[in-house]
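Engineer: Given next are the chains, with one letter for each unit.
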Amino acid sequence: QKEVEQNSGPLSVPEGAIASLNCTYSDRGSQSFFWYRQYSGKSPELIMSIYSNGDKEDGRFTAQLNKASQYVSLLIRDSQPSDSATYLCAVKAGSAGNMLTFGGGTRLMVKP
Amino acid sequence: GAGVSQSPSNKVTEKGKDVELRCDPISGHTALYWYRQSLGQGLEFLIYFQGNSAPDKSGLPSDRFSAERTGGSVSTLTIQRTQQEDSAVYLCASSLAQQETQYFGPGTRLLVL
Chain U
1 QKEVEQNSGP LSVPEGAIAS LNCTYSDRGS QSFFWYRQYS GKSPELIMSI
51 YSNGDKEDGR FTAQLNKASQ YVSLLIRDSQ PSDSATYLCA VKAGSAGNML
101 TFGGGTRLMV KP
Chain W
113 GAGVSQSPSN KVTEKGKDVE LRCDPISGHT ALYWYRQSLG QGLEFLIYFQ
163 GNSAPDKSGL PSDRFSAERT GGSVSTLTIQ RTQQEDSAVY LCASSLAQQE
213 TQYFGPGTRL LVL
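Order-wise, the sequence lines are chains U and W.
For the record, in the first sequence the residue sitting at position 58 is 58 according to this note's numbering, with numbers rising by one throughout.
Going from the second sequence to this note's numbering is simple: count from 1 and add 112.
Honestly, the hints are just simulated from the structure, not real lab data.
Certain hints may be false.
To be verified - To spell it out: a stretch of chain U is covered by chain W in this simulated footprint if at least three of its residues, at any positions, have a beta carbon under 8 Å from a beta carbon of chain W; those stretches are:
hint	segment
1	37-50
2	98-112
Said to hold, decoys possible - Cβ-to-Cβ under 8 Å is the rule here; a few derived chain U residues that face chain W:
hint	residue
3	86
4	88
5	92
It should be emphasised that the depicted structure is a prediction, and the values quoted were computed from it without experimental measurement.
Where is the CB? At the ideal position from N, CA and C, for every residue including glycine.
Next comes chain U alone, as it looks inside the complex (with noise of 0.2 Å):
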């Protein structure tokens, strides 16, 4: 079993719309969570980070997490073209180093 959980998609959404993306992960003592967006042969971007229960809102993005169900979202609102992207869900591990664990990647397809 993969220690962090995505859907590979692809995610297709009409331009407008609300793009949902998933991730759920194994290890149970986890505090740090972000999301990367990574265009087709670019580096990873950082969209969002969570760290605590609850819902994060920056902009047309909102980061969910539910600890409890080991569980961390991101929505985009009024998805537009240019947020087609593979978004890769990544965790920090609650023990020692600073590395991130990712998720495969979910491919968001914003067809206009």
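Use these hints to put chain W onto chain U, whose structure you have.
Structural biologist: Frame of chain U, contents of chain W only:
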């Protein structure tokens, strides 16, 4: 300010040759990480440096892989006797010591023929 830089951007080598990949972190960032992203695979942690502490090498896939960080700044990842399965994008990231947000460089695309 300048972001994480990596060189070369692309590297093609023959099986059995050694390669060196370089990472220059963001100025002032004391933590440096190497990851690998293979086609169809997620990002895989390789090694982590934090200040003057001994590096965390728990992610290195074999003893053909090694890395060093000189002067607490630039890091070099060395792959000896390269194999075709080493073909991947090698990504470097850095962060401030007390913060967890990692910033990635553009990566080095390695192709082993």
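Engineer: Could you run down the list of hints and mark each one as holding or not?
Structural biologist: Each hint, compared with the structure:
{"no.": "1", "hint": "37-50", "verdict": "holds (count 6)"}
{"no.": "2", "hint": "98-112", "verdict": "holds (count 8)"}
{"no.": "3", "hint": "86", "verdict": "violated (10 Å)"}
{"no.": "4", "hint": "88", "verdict": "holds (7 Å)"}
{"no.": "5", "hint": "92", "verdict": "holds (6 Å)"}
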